[in-house]
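The lines below spell out each chain.
Protein chains: 2
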Amino acid sequence: MAQKPSIPKGTRDFSPEEMVRRNYIFNTIREVFRLYGFRQIETPAMETMQTLMGKYGEEGDKLLFRIQNSGEKASEAPEKGLRYDLTVPFARYVVQHREEVVFPFRRYQIQPVWRADRPQKGRYREFYQCDVDIVGSDSLMGELELIQIVEQVYRRLGIRVCLHLNNRKVLAGIARLIGAEDRLVDITVAIDKLDKIGIDKVNEELQERGLSAQAVDRLQPILHLDGSNQDKLTRLRTLLADDEIGLQGVNELQEVFDLMQTAGVTLPVELDLCLARGLNYYTGAIFEVKALDVAIGSITGGGRYDNLTGIFGLSGVSGVGISFGADRIYDVLCQLNAYPEQNAEQTRLIFACFGEAEKRYALAWAAALRNEGIAVEIYPEAVKMKKQMAYADANHIPFVAIVGENEMNAEQVMLKNMLTGEQTPVTLATLKQMLS
Amino acid sequence: MAQKPSIPKGTRDFSPEEMVRRNYIFNTIREVFRLYGFRQIETPAMETMQTLMGKYGEEGDKLLFRIQNSGEKASEAPEKGLRYDLTVPFARYVVQHREEVVFPFRRYQIQPVWRADRPQKGRYREFYQCDVDIVGSDSLMGELELIQIVEQVYRRLGIRVCLHLNNRKVLAGIARLIGAEDRLVDITVAIDKLDKIGIDKVNEELQERGLSAQAVDRLQPILHLDGSNQDKLTRLRTLLADDEIGLQGVNELQEVFDLMQTAGVTLPVELDLCLARGLNYYTGAIFEVKALDVAIGSITGGGRYDNLTGIFGLSGVSGVGISFGADRIYDVLCQLNAYPEQNAEQTRLIFACFGEAEKRYALAWAAALRNEGIAVEIYPEAVKMKKQMAYADANHIPFVAIVGENEMNAEQVMLKNMLTGEQTPVTLATLKQMLS
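Residue numbers (our numbering), protein chains in the order written: chain A, 27 to 462; chain B, 27 to 462.
Isolated chain A (complex conformation) (with noise of 0.2 Å):
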């Protein structure tokens, strides 16, 4: 025999059982966008290297995928790149197509993306984003709108999180506040770690990255900031009283807080100055949403970027937006053991197969169940019982439909009921009750 066939590292095959997870995953998702009357994009796997590079750092330009056609010389440089998130393409999309496109422009978008990176456990060359943006709309409705989401994605899923909410106006605020406003993501990267190695490790890392004694000092009210969300946003407003940025910042998180609280977020909803994630391209709100009973980091994230299409020549388009993580949410299920046990999707029941006439009548009854939506199947070939049961269990078909010479002259089939082992004669409009 040859060589086994194997895929690229970092890349994987789906097998059926896995593609009925992922499948409840990505409609439950679909499902709630559709209801917040997001709009599905799609956008090509090769984008042009010229809307790829320079767009995620000199670290992101390294794990781009480059693309040659069999045809071109190896010394030319490729002109694709396979897309490395589905951020860049939107903004692409946007600029392209800014004739067609009405703003407030609420956009959802489900695709894989493909990484460089060195592959590792949880860490992929190929997964999939789910996107959801509002662009053209500086309305905090859109944060409010994502907030929701997110509640009933999760509430759906029966998976509890917590969503961490912090603005970038308030953490550039504060960097003014104690005079060290150049190095705001020095002090945002350093008391990130807070709850890792805590208050006194973080203020020598700040003075290492060069913040003075003096600023250090000036923090600590903040680091020590504590009590609900609406007392930090009290005492946040006192501390930022001088700084308009900062008290922008302050005022769009309360009417956050508000509008949450008008359409009834139940959602845990935390204030979090150490969320500091995208501060390269975040200009308001930054989200983040962590599972409470899986220790797996961020399942859920984006926030607010004022210039998003800035990048190619159309400025002034302000967005909010949040990526969903399916292969952590994928992870996240499995280890709460969350998935729902019956799918609408797989095989309810086979016929077994024992001979011509068997198969005959079979088919007739098949057809009439498909004709009500069941999803059914016929075993094609008249081999052992033996055979066709593991062939049922295997693929997690519930019921069997034993047909013999008694059955068909009943006008019945003998119904095996795989979990029991029960056997029962129907007829076929109990069958559709049954199944239905």
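Hints are supplied without guarantee of correctness; some may be wrong.
All copies of an identical chain are treated as equivalent in the list; a pair is satisfied when it fits inside any one copy or across any two copies.
Stated by the list, open to error - When the alpha-carbon atoms are kept at most 30 Å apart in a straight line, the in silico DSSO-like pairs for lysine-lysine are as follows: (1) Lys30 to Lys81; (2) Lys258 to Lys81; (3) Lys258 to Lys458; (4) Lys35 to Lys458; (5) Lys413 to Lys458; (6) Lys35 to Lys81; (7) Lys413 to Lys88; (8) Lys35 to Lys316; (9) Lys35 to Lys88; (10) Lys316 to Lys147; (11) Lys219 to Lys35.
It is worth saying that the hints were derived from the structure and are not from the lab.
Chain B: place on chain A using the hints.
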């Protein structure tokens, strides 16, 4: 402004309007696959070059897109390429996972494929295939089920089609019969043109391709075969009486027609001896589906292959499969203007926005409607009414809910029908009923 961004030639963006139509096609196909108990798999966009090379002929090898990590030197031969179809990845999947796969394996797969073809009208470098196959069984129930699937899919889509059916064994028998066993491909290439160029030109071409005058003579009764499918089968049975393989092909065709009758298939199916696609790999049945009301060529095709997985070292696995061409089906539905008018995917209602109190009122109503599974939006900003109406129009939202002080006091909204322009005050209960 920077240069307007673009996408690689031969690729496409899909707008929300296009996605609604594409999803309609994919969902219809998927739902029928599901009813017949097929299970979905997905494979990576990238396969190793070892998997891809030599599988599509010399021409095919040239149409492969090769992938390089950005880190790799241009001089290194790329070890990965984008998948060219879904058949080779499926064969690779079956061999790689042969310990887990339970035969007969009924799988479907709906994913994009990439070919570095010269782009032209209706031919793209990225396009979707919808493949459905049964492997590990040589029962002709497989052929029947694929025909039933074709019937169901096109009935649901409202496209009138004819399925052309042939059998490679019959073609081989005919070639032997006329003493030109080694000329099977030459014969089929020539007679495939019968409709276009007429009998005289076909006979000329047959001689040019090296058939003796005697062989061409002996082919004449077969080229003139007409009448019903049953007439043709009877005539072929006589003609091929001494050819074991040819007769086997006739018997297979007969059994498929018998099974169709038993199963009540009403799809027009024509025994077409000129159909000769895929002779490099098909070993039994050959299928091709053509739309009756649109001249566009084949929109679905397939056949039986006795040795799909042999290329990867696993022999003896017979299979039968077909592939639906989503892009051509898209074009057919456009030409027939046969898309459904209303689509459940789309937003049903938008709340116009006048101010804060009205927004709060709308938030409560929107939550109640979404709870019923009804997709609604709230316009995020209190801009001019005209702009909000234009938004609803452009996004094909059929109803706008207008909220003012009177409506809030009466616990109603003013419902505007965007098609008729009619305005009616309605309660939440009425609205739920109308939009469910």
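Right, here's what the structure says about each hint:
1. Lys30 to Lys81: between (39 Å within a copy, 16 Å between copies)
2. Lys258 to Lys81: neither (35 Å within a copy, 64 Å between copies)
3. Lys258 to Lys458: For Lys258 and Lys458, the Cα distance exceeds 30 Å both inside one copy (59 Å) and across copies (40 Å).
4. Lys35 to Lys458: neither (46 Å within a copy, 51 Å between copies)
5. Lys413 to Lys458: within (26 Å within a copy, 51 Å between copies)
6. Lys35 to Lys81: Both, since 25 Å and 21 Å are each at most 30 Å.
7. Lys413 to Lys88: Neither, since 52 Å and 44 Å both go past 30 Å.
8. Lys35 to Lys316: within (28 Å within a copy, 41 Å between copies)
9. Lys35 to Lys88: both (17 Å within a copy, 24 Å between copies)
10. Lys316 to Lys147: Intra 19 Å, inter 47 Å, cutoff 30 Å: intra-copy only.
11. Lys219 to Lys35: Neither way: Lys219 and Lys35 sit 32 Å apart in one copy and 46 Å across, limit 30 Å.
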